[in-house]
Amino acid sequence: MSAADASPLVLSRDEAGEFLLPADMLAARFGWPTQTLRDYMRRGLVASRVERGEGEDAGRWRLSVRCGNRRWQAVVEADGTVGTQHVEVLSAGAPKPSR
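Residue numbers (numbering that gives the first Met the number 0): 0 to 98.
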């Protein structure tokens, strides 16, 4: 991210309260063209998980999106602002998320 693109990422939610993750944003995090991510999604190779914070983390969520050996994780504040985020490459023996 360049200094010119320093505005915080804010995620929106649908009518049911589910987070909306733009495919172009996720693809960029993984270092792929958007079409590559969309293809993986069509083939059922993308899994996501949402965890609601408890205790001192109440009002926050941890979002995880996994595709192959890559996982993007972000902590999202109550207003939808993404606080921290990172992408990691997982080892071949790492457990896969349940659906």
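Calculated from the structure, these hints are not laboratory results.
Check the hints yourself; a few may be wrong.
To be verified - Derived CB-CB ranges, DEER-like:
hint, residue 1, residue 2, range
1, Arg41, Asn68, 18 to 26 Å
2, Val9, Glu50, 30 to 38 Å
3, Ser11, Ser90, 16 to 24 Å
4, Arg41, Ser63, 28 to 36 Å
5, Ala91, Pro7, 29 to 37 Å
6, Ala15, Ser63, 29 to 37 Å
7, Glu14, Ser90, 36 to 44 Å
8, Gln34, Gly58, 13 to 21 Å
9, Ala91, Ala15, 32 to 40 Å
Glycine residues also receive a C-beta, built at the ideal position from the N, C-alpha and C atoms.
Going down the list of hints, with the structure as the test:
In this structure, Arg41 and Asn68 meet the distance hint of 18 to 26 Å, their C-beta atoms being roughly 19 Å apart. Between Val9 and Glu50 the beta carbons are some 19 Å apart, a value that contradicts the proposed interval 30 to 38 Å. For the pair Ser11 and Ser90, the beta carbons lie near 34 Å from each other, so the given range of 16 to 24 Å is not met. For Arg41 paired with Ser63, a C-beta distance near 20 Å fails the hint of 28 to 36 Å.
Remark: the range hint 29 to 37 Å for Ala91 to Pro7 is upheld by a beta-carbon distance near 34 Å. For the hinted restraint 29 to 37 Å between Ala15 and Ser63, the CB-CB distance of approximately 19 Å leaves it violated. Glu14 and Ser90 have their C-beta atoms about 39 Å apart, which keeps the hinted 36 to 44 Å range intact. Checked against the given bound of 13 to 21 Å, the beta carbons of Gln34 and Gly58, roughly 36 Å apart, lie outside it.
Separation of Ala91 from Ala15 is about 35 Å and conforms to the stated range, judged on CB atoms against 32 to 40 Å.
Comparing the model with each earlier hint shows violations of hints 2, 3, 4, 6 and 8; every other hint is respected.
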